[in-house]
Amino acid sequence: MRILVVEDDPDTAAYVSHGFAEEGHVTEVLPDGRDGLSQAMAEEYDVLIVDRMLPGLDGLSFVHALRAAGHRAPVIFLTALGGVDDRVDGLNAGGDDYLIKPFAFSELLARVNALARRPHLRNAETILKVGDLMMDLVARKVTRAGTVIDVQPREFRLLEVLMRNKGRVLTRTMLLERVWSFHFEPKTSVVETHISRLRSKVDRPFDKELIKTVRCCGYTINDHE
Amino acid sequence: MITNDLLKRTPVRLAATFTALFALTVIALVAILYLVISADLASNIRKHVEETSNALAAIDDEQGFDALTAVVENEARSVRDFSTIFLLRRDDGTFRAGNVKNVAVFNGWSVLDRAWLPMVADQGDPDDSFYAIWKPVSKGHLLVGWSDRQIREVRRILLHGLAWGLAATLLVAIGSAVLLARRAQEKIEMFASTLSRVSAGDIRRRVPLSGSNDDLDQVAEQINATLAHLQRLIENVNQSSSDIAHDLKKPIGRLRRRLEEALCSAQTVAEFKLRVDEALYEVDCIVDTFEALLRITQIEAGVRKERFRDVDLASILIDVADIYEPVADESNDRLICAVNGASKVRIHGDQELLTQLFANVIENAIRHSPPGTRIGIDLQSVGGRHRAIVWDSGPGIPARERENVFRRLYRLERARTTQGSGLGLSLVAAIVDLHGATVTLSDNHPGLRVVISFPAIRSGYATKKGAARVATAPSGSPATSSAGLGGASDVTSSGNGDGVGASDNAGASTSVPG
Numbered sequence: 001m002r003i004l005v006v007e008d009d010p011d012t013a014a015y016v017s018h019g020f021a022e023e024g025h026v027t028e029v030l031p032d033g034r035d036g037l038s039q040a041m042a043e044e045y046d047v048l049i050v051d052r053m054l055p056g057l058d059g060l061s062f063v064h065a066l067r068a069a070g071h072r073a074p075v076i077f078l079t080a081l082g083g084v085d086d087r088v089d090g091l092n093a094g095g096d097d098y099l100i101k102p103f104a105f106s107e108l109l110a111r112v113n114a115l116a117r118r119p120h121l122r123n124a125e126t127i128l129k130v131g132d133l134m135m136d137l138v139a140r141k142v143t144r145a146g147t148v149i150d151v152q153p154r155e156f157r158l159l160e161v162l163m164r165n166k167g168r169v170l171t172r173t174m175l176l177e178r179v180w181s182f183h184f185e186p187k188t189s190v191v192e193t194h195i196s197r198l199r200s201k202v203d204r205p206f207d208k209e210l211i212k213t214v215r216c217c218g219y220t221i222n223d224h225e
Numbered sequence: 001m002i003t004n005d006l007l008k009r010t011p012v013r014l015a016a017t018f019t020a021l022f023a024l025t026v027i028a029l030v031a032i033l034y035l036v037i038s039a040d041l042a043s044n045i046r047k048h049v050e051e052t053s054n055a056l057a058a059i060d061d062e063q064g065f066d067a068l069t070a071v072v073e074n075e076a077r078s079v080r081d082f083s084t085i086f087l088l089r090r091d092d093g094t095f096r097a098g099n100v101k102n103v104a105v106f107n108g109w110s111v112l113d114r115a116w117l118p119m120v121a122d123q124g125d126p127d128d129s130f131y132a133i134w135k136p137v138s139k140g141h142l143l144v145g146w147s148d149r150q151i152r153e154v155r156r157i158l159l160h161g162l163a164w165g166l167a168a169t170l171l172v173a174i175g176s177a178v179l180l181a182r183r184a185q186e187k188i189e190m191f192a193s194t195l196s197r198v199s200a201g202d203i204r205r206r207v208p209l210s211g212s213n214d215d216l217d218q219v220a221e222q223i224n225a226t227l228a229h230l231q232r233l234i235e236n237v238n239q240s241s242s243d244i245a246h247d248l249k250k251p252i253g254r255l256r257r258r259l260e261e262a263l264c265s266a267q268t269v270a271e272f273k274l275r276v277d278e279a280l281y282e283v284d285c286i287v288d289t290f291e292a293l294l295r296i297t298q299i300e301a302g303v304r305k306e307r308f309r310d311v312d313l314a315s316i317l318i319d320v321a322d323i324y325e326p327v328a329d330e331s332n333d334r335l336i337c338a339v340n341g342a343s344k345v346r347i348h349g350d351q352e353l354l355t356q357l358f359a360n361v362i363e364n365a366i367r368h369s370p371p372g373t374r375i376g377i378d379l380q381s382v383g384g385r386h387r388a389i390v391w392d393s394g395p396g397i398p399a400r401e402r403e404n405v406f407r408r409l410y411r412l413e414r415a416r417t418t419q420g421s422g423l424g425l426s427l428v429a430a431i432v433d434l435h436g437a438t439v440t441l442s443d444n445h446p447g448l449r450v451v452i453s454f455p456a457i458r459s460g461y462a463t464k465k466g467a468a469r470v471a472t473a474p475s476g477s478p479a480t481s482s483a484g485l486g487g488a489s490d491v492t493s494s495g496n497g498d499g500v501g502a503s504d505n506a507g508a509s510t511s512v513p514g
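Protein chains in written order, with the numbering used here: chain A, 1 to 225; chain B, 1 to 514.
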């Protein structure tokens, strides 16, 4: 993957580019908003990681300008501005995701992966499949190996988010945001409990486990061994 | 301090202005009286002169010039006080009779000054003026004039009255002005001295009220309310800073220990990784605390009000209950949601914050209760307010602790062993305050009952912000009994402001959205 990091803090930039290099991705780092923008317009990138407070041109204006010029490359804001309004402003400006510093690299990686390979046509699909697990989005029905599984609406939503991101890691925070619209960190094991309930219906009665825990990162669904 | 220049003091200026206005009014009134009465008297005098003159002319007509002469002589002699003048002269201009010797004939009315009149006898009031008129008679001319003594007397009385009246008016006005000014001055000086004492550090000082409920008293109340608010803010800041320092020392100490263990005693890579992992956990806790603090500050700043929309309280409660039902189940508690989703309960608010608000309250109930606790969620609409109720059958919060739990970083003794930042209920208070709602903690017999009362839409979520108060109501008072209990005192907090602090360590919601 080709990733452009527009970040003026050298430590963060090094941390991020080092992390992506280990994962086999190519990163380019620019510390200035204006330079970053011309680079983003000139080249094709899979994902742009943009700081909110930048010299030259701030992150919001950066994305405004980029979108105005017709560039659709996904943008993740990476910023110390952690207010709820800051997040909403960032997303309204045309950002695709928002991550607050300090952050864990695994969280950034999961979000970049989810964005970069976001299948734009997936929304048109009405049947999601992972191995022998099938979800019919129109009939709101889940079956595994031909057996109908009775899931509650919220479990359905959780499973749908997992299945739409088949093979990709979803962190706890991502699940909280996408399934329950929680933009805060709960103090109880909300995610774990719901995953465990879902597993008891989707995985436990069958011989193969599809929903997998990714240690210190989150969860994923796939039919690998 | 207050100026010593008397003329710069507002009450003195006001008093002076009103005194001047009053004096001017009195002078104008007297002047009008003076003019009207003078004119009236003058016309009376003229009438009298004309009558006299006509009567004498009639004598001349009927009895002849000599008879007139005799009557004039007689009249002139009989006027002892010289209030009337007579002069009868012949056609050739020589004196015939009267008490005035020689005056040239003139047409119509004239006012003759006593000083210029050649009187027969030098008697009478030298200040007199005479309203006089000539009348032709058979063999000469007759002058009759009347003194203006009456007019002067009335003028004198009026001026006299005016002088005394003005003196009395000024005296009363100045006296009362001084009195009022002194009283106002005392109050204003009280304000000034109170404020300067407050700025010198005595933040508990308040302006005493006179009880008259006048404008100055109202200002004093405003000042006191502001001072109380400031005091709470200052205490919050002081409390928070020391609490933050205190609260962070522990996890930072643990962090240091983990790193030291990793550095010094870890023998294998696995062991090293474990220590670093533990250290990371401590860092996350510290970050969580800071993020929760920032979020509370942001909410308290009120910026989010711009994003308020009409939201359905019932569906928010049902959603949150839905999410936490399995979580409660996991810790062997039972979550019962009695909210009816069929009817919408609309309030003006922020969906995301309200979700967090109820999530926090419910998490608190789950985390600080023993297994087997029942937790209930209900929604009632009474008298223009919507009351969201979260109760539990857990250990509750002792009555004396109820106002403390809203303070930032405050944790109940028994909650100190549980993980938590002690910011959850502060956040609850901040969100409640932002929505113009109130939160009441009371005894559920057993357990805790949290009632969050929102103003119904349009009835004004615009409740003043910052009216935050933590009040302890006597048991069984309407506020508490409506919350359905009787017992110990309840604590209501509308907000933060003051409500620093934290809960029995509520689950702080830290963290920010991503």
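Derived by calculation from the structure, the hints in this document are not laboratory data.
There's no promise every hint is true.
Not the full set, but computed from the structure, chain B residues with beta-carbon under 8 Å of chain A [to be verified]:
| no. | residue |
| --- | --- |
| 1 | R182 |
| 2 | E186 |
| 3 | E235 |
| 4 | A266 |
| 5 | Q267 |
| 6 | E271 |
| 7 | L274 |
| 8 | E278 |
| 9 | E282 |
| 10 | V287 |
| 11 | V303 |
| 12 | R304 |
| 13 | I323 |
| 14 | P326 |
| 15 | T355 |
| 16 | I366 |
Just some of the chain A residues that point at chain B, by a computed CB distance under 7 Å [said to hold, decoys possible]:
| no. | residue |
| --- | --- |
| 17 | F105 |
| 18 | R154 |
| 19 | R164 |
| 20 | K166 |
| 21 | G167 |
| 22 | W180 |
| 23 | T188 |
| 24 | T193 |
Here are the in silico distance ranges between beta carbons for each label pair [said to hold, decoys possible]:
| no. | chain 1 | residue 1 | chain 2 | residue 2 | range |
| --- | --- | --- | --- | --- | --- |
| 25 | A | P55 | B | R204 | 24 to 34 Å |
| 26 | B | E401 | A | A69 | 56 to 66 Å |
| 27 | B | R256 | A | A42 | 43 to 53 Å |
Glycine residues also receive a C-beta, built at the ideal position from the N, C-alpha and C atoms.
Results for each hint:
Evaluation of the R182/B hint against chain A yields a violated restraint, the C-beta minimum of about 53 Å exceeding 8 Å. Annotation: interface hint on E186/B violated; nearest CB of chain A at approximately 48 Å, more than 8 Å. The closest approach between the C-beta of E235/B and any C-beta of chain A is roughly 25 Å, which is over the 8 Å cut-off, so the hint fails. Annotation: interface hint on A266/B violated; nearest CB of chain A at approximately 18 Å, more than 8 Å.
The criterion of a C-beta within 8 Å of any C-beta in chain A is not met by Q267/B, whose closest approach is roughly 22 Å, and the hint is violated. At its closest, the beta carbon of E271/B sits 17 Å from a beta carbon of chain A; the interface hint therefore is violated under the 8 Å criterion. Against a cut-off of 8 Å between C-beta atoms, the interface hint on L274/B is violated, since the closest Cβ of chain A lies about 12 Å away. The criterion of a C-beta within 8 Å of any C-beta in chain A is not met by E278/B, whose closest approach is roughly 12 Å, and the hint is violated.
Taking 8 Å as the C-beta cut-off, the interface hint given for E282/B is violated, the closest approach to chain A being about 13 Å. The restraint placing V287/B at the interface with chain A holds, with a minimum CB-CB distance near 6 Å, inside the 8 Å limit. About 6 Å separates the beta-carbon of V303/B from the nearest beta-carbon of chain A, less than 8 Å, and the hint is met. Annotation: R304/B was flagged as interfacial toward chain A, and the flag holds, the nearest CB pair being 7 Å apart, inside 8 Å.
Given the 8 Å rule on beta carbons, the hint for I323/B holds: about 6 Å separates it from the nearest Cβ of chain A. With a least beta-carbon distance of about 5 Å to chain A, the hint placing P326/B at the interface is held under the 8 Å criterion. Below 8 Å, beta-carbon pairs count as interface contacts, and T355/B has one with chain A at about 7 Å; its hint therefore holds. The interface hint given for I366/B is met, as the beta carbon of that residue sits about 6 Å from the closest beta carbon of chain A, less than 8 Å.
Checking F105/A against chain B by beta carbon gives a least distance of about 12 Å; that is not within 7 Å, so the hint is violated. Restraint check, R154/A versus chain B: the minimum CB separation of about 6 Å is within 7 Å; hint holds. Interface hint at R164/A: violated, since its Cβ lies 18 Å from the closest Cβ of chain B, which is beyond the 7 Å cut-off. For K166/A, the shortest C-beta to C-beta distance to chain B is roughly 22 Å, which exceeds 7 Å, and the interface hint is violated.
Interface restraint check for G167/A: the shortest CB-CB distance to chain B comes to about 21 Å, outside 7 Å, so the restraint is violated. For W180/A, the interface hint holds, the least distance from its beta-carbon to any beta-carbon of chain B being 6 Å, beneath 7 Å. With a cut of 7 Å, the hint placing T188/A at the interface with chain B holds, because the nearest CB-to-CB distance is about 5 Å. Interface hint at T193/A: satisfied, since its Cβ lies 5 Å from the closest Cβ of chain B, which is below the 7 Å cut-off.
At about 48 Å, the CB distance of P55/A to R204/B disagrees with the hint of 24 to 34 Å. Separation of E401/B from A69/A is about 59 Å and conforms to the stated range, judged on CB atoms against 56 to 66 Å. Checked against the hint of 43 to 53 Å, the C-beta distance between R256/B and A42/A comes to roughly 47 Å, which is consistent with it.
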